[in-house]
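Those protein sequence lines, which keep their order, are chains A and B.
Reminder that position 205 of the first sequence reads as 208 in our numbering, one-by-one numbering, no gaps.
Reminder that position 170 of the second sequence reads as 173 in our numbering, one-by-one numbering, no gaps.
Derived by calculation from the structure, the hints in this document are not laboratory data.
Watch out, some of these pointers could steer you wrong.
Given that identical chains are not distinguished, each listed pair holds provided it fits within a single copy or across any two copies.
What the hints assert, rightly or not - Here are the computed lysine to aspartate or glutamate pairs in the DMTMM-like style, where the Cα-Cα straight-line distance is at most 25 Å:
no., residue 1, residue 2
1, LYS283, GLU112
2, LYS62, GLU227
3, LYS346, GLU212
4, LYS418, GLU460
5, LYS78, ASP422
6, LYS62, ASP86
7, LYS283, ASP385
8, LYS197, GLU161
9, LYS299, GLU390
10, LYS283, ASP310
11, LYS376, GLU399
12, LYS283, ASP480
13, LYS197, ASP218
14, LYS400, GLU227
15, LYS78, ASP64
16, LYS418, GLU556
17, LYS511, GLU447
18, LYS73, ASP115
19, LYS73, GLU528
20, LYS197, GLU212
Keep in mind that this is a model prediction, so the values were computed, not measured.
Number of protein chains: 2
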Amino acid sequence: LPRFDRMAAGGPLFIDVTWHPAGDPGSDKETSSMIIANTAVNFCGLETILHMTCCNQTKDDITGHLQKAKRLGLKNIMALRGDPVGEEWEEEVDGFNYAVDLVKHIRNEFDDYFDICVAGYPTGHPEAESYEADLRHLKEKVFAGADFIITQLFFRSETFLKFMKDCQAIGITCPIIPGIFPIQGYHSLRQLVKLSKLEVPQEIKDVIEPIKDNDAAIRNYGVELAVSMCRELLDSGVVHGLHFYTLNREVATIEVLKRLGIWNEDPRRPLPWAVSAHPKRRVEDVRPIFWASRPKSYIYRTQEWDDFPNGRWGNSSSPAFGELKDYYLFYLKSKSPREELLKMWGEELTGEESVFEVFTCYITGEPNKNGYKVTCMPWNDDPLATETNLLKEQLEKVNRRGILTINSQPNINGKPSTDPIVGWGPSGGYVFQKAYLEFFTSSEIVTALLRVLKRYELRVNYHIVNVKGQNITNAPDLQPNAVTWGIFPGREIIQPTVVDPVSFLSWKDEAFALWIEQWAKLYEEESPSRMIIQYIHDNYYLVNLVDNDFPLENCLWQVVEDTFELLN
Amino acid sequence: LPRFDRMAAGGPLFIDVTWHPAGDPGSDKETSSMIIANTAVNFCGLETILHMTCCNQTKDDITGHLQKAKRLGLKNIMALRGDPVGEEWEEEVDGFNYAVDLVKHIRNEFDDYFDICVAGYPTGHPEAESYEADLRHLKEKVFAGADFIITQLFFRSETFLKFMKDCQAIGITCPIIPGIFPIQGYHSLRQLVKLSKLEVPQEIKDVIEPIKDNDAAIRNYGVELAVSMCRELLDSGVVHGLHFYTLNREVATIEVLKRLGIWNEDPRRPLPWAVSAHPKRRVEDVRPIFWASRPKSYIYRTQEWDDFPNGRWGNSSSPAFGELKDYYLFYLKSKSPREELLKMWGEELTGEESVFEVFTCYITGEPNKNGYKVTCMPWNDDPLATETNLLKEQLEKVNRRGILTINSQPNINGKPSTDPIVGWGPSGGYVFQKAYLEFFTSSEIVTALLRVLKRYELRVNYHIVNVKGQNITNAPDLQPNAVTWGIFPGREIIQPTVVDPVSFLSWKDEAFALWIEQWAKLYEEESPSRMIIQYIHDNYYLVNLVDNDFPLENCLWQVVEDTFELLN
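Chain A with its partners taken away, still in its complex shape (with noise of 0.2 Å):
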């Protein structure tokens, strides 16, 4: 995920998900091709295409991981053949035995869904009958419906440029893609060129073989040899777009790219959260701010809605988030191992207050009294967010007084839209936040809350629950709070995030779950450990505060510090 985002910073058109028939590619794995490209379009907001190779495989089987690719919202397949399984190429009677075959299925059985991609070899196939042979299969696949091609790798912009050439004179129009491959190191270099059946040219080898065992040498002349490659291309006229092989590592293409002066260098996000990249997806840009640190669970539990909020959320009386039960199956799991946990978290907890040491060590960064730091809670995957830094003095001092944050942002009154901590959306913009704090806390310190927040009855909306629906709330007609929101040149207001009072509650089911099954279930059953959490699942509530004066200072921490004043 950090690297996707790394590589998105850049503003590529797309990015490419290889097909690994050994690993399983179709299937629901975190690793397999299909769920990686699932993670880069709805989470990472990446435009992506999917490698699908042909081979060995029934039609059944294609179709079924295409409707797949089509139900995530995947809309581009580069349509391959795969390798052979043994040394030899052997056709099958009844399946598919070129890409050729795969692209006609795939128009066949869905139409203009998918945009598709081939890929073009621009010195021929290694087992193609010869140069011209190869050049009639690309032409073949194009007719077939396929919308462009990428090319494989090659080391001269002449090998790209004549064969573009070639691809023209036998009437192939669509877009050819050059496949650009920075050279990283010497053994990557090596083991690419086995696999391509390419021959490196002798002017590269004469530099590389003197420097083989200097990486950083290798590398500076990889960067050096693909921006002048690139140029030559990019100067042709024809060239109109860049593929980068990659292999997984970005510093290089990155180099390359802000060399040739395309790195569109923006750190700048088009909204406070990761938008995503699924075509019915594309207008959403409302969202409830409870969800913020789990968007996963988000998208997975609003994956059956026909339409997204767009402008507004609206007065939804029951949006119908997914069944937690379904849920706890694909997402509830944490990555970390029970062991790493149990570190974290504590093997052996004393009492309530145990509990808030652990939330406040995830506050402050620092190691718990084992020697180990809190880098995840059951409610947070990542360590505390940039923008919570800055509230983080005032939330260590409530969370080891038992107001257990999990989800807060500060108020902000117009700072500039390019601001790199809390800025997002268009340049020229204003963007604006409510303070919100959101915790568990025991039904003691709710008590006096209830009594303080009195007073601050038209400046603060709160929602209070406990594990069994006990609602008490201020919020008119049950009305969501925009609590960001930005104000751009020449567009409506946009307003990405709401406090709203119906989702809550499909929130709450799935905060107080977390609590029982990321972190009681670490313990045996009936041991002390276990109890504690069961004995907070139970008994505490789940309270959200919004200070609606986003223009003054937060009022929140003296709304947290009148009431423990009240309760001593």
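Chain A is fixed; fit chain B onto it per the hints.
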């Protein structure tokens, strides 16, 4: 209209509009009952009960009136018999003879669409055989489908309370609203008594007769009497609403309500523009800024829409505004007579400068060179808005030099929603605006302006169009630009006015047509004055400018200043 607004300020449940059979009440005349009710509902946002009498009318006439009322968005009908034509009541064989016939007819033909109100007579209808017989008639009306009762006026609270008890005794359970008549003068009382055949109690006569020539004393007494009667009614616990016979004069009624402490003094507007009470328009909360001074025209031109925008205007590629040609017939005509307009706008124009002079006088409020104040313009029915007054000095300067302004607003960076001048919406919120300026100007000035605007490219959005529709803009993708918005406790963002590039082209037709229809046509054909206006119509551009940087000082004056500098 101003009276409606003064009455509306108290937040009444509804207002009544009486039905005058002699005044062509169902017609499209400005003063017909139907059109007055239409104005109250659609332009003033007042819930309105339209009275309707049925005697001496055919079923088809009645059905036609009701269909029209439904089309205009009226929801409430007071079903009345009406007064006899001669002295004596004559039954018609095939027509409607009683209010109950009208109630049945409405329920038959319109199902539950209308709320129906009927009249109750606390001392019995003067023509009824007896008090008891009249109660039975009332029960018939209720059982035929009436939803509630408003009573004839009365002078003692006991009269009403007894009547209410008697109604309940015979099974009338719907709400009964007492009709209160604050005595406002000796003569109006006498006339009303004569019409209603009511008897004024001796104790009231005793007070009034001696002071019959002292209007103020009688009004004070009338208010006093009404207040104590209303108190008794409200204290009884069975009265939950009051209906006032105002005879179109609001002063006494407002005084009574204030003394009772139920005058809901809230000067704030729910939105910056007057909200319509038409059921179809209930959710509407976004409009283009162009029609700000011509809301009737906007409502008229959008009346056929099935949905009204709320939350966002959206990227309406072609909002279907009503054709201008229909529109001419109704609202393009100015309210003032020709002679008055000539005095304001000039009996004889000597050049473009004399037009500049008219615009300047309208802005400053100073009399023109013939000593007449310019209180309206073709684009503005009313004198300058309070808010626009904030810009008066700059507006005067630019109009004098040929930037002929027709719409503008200052920038506002978060004033309280309770601000007496620019505030709107619920309390506890903050309102914002981007500076806006709209004007006609010569092509010479436009040429210079466009050069200046290059320096403000990222800050100022502009649309510049001439009568032929040549359109110059830097709006991104023809998206609307929100120029007024508000942030409120516990709500989503509200953005009631936008600059919509697409609607601007519909407004352009109207704005240019007003030069000819309202101004040029005041003069003889071929006269120099007429030709001057025609020249402006044919050659000037309509320009709008938005300064997107609302937290900074409005730069639009600097843009205009720079333009004049460039010209010199």
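- Could you tell me which of the numbered hints above are not met by this structure, giving the numbers in increasing order? Hints 2, 3, 5, 7, 14 and 19 not satisfied by this model.
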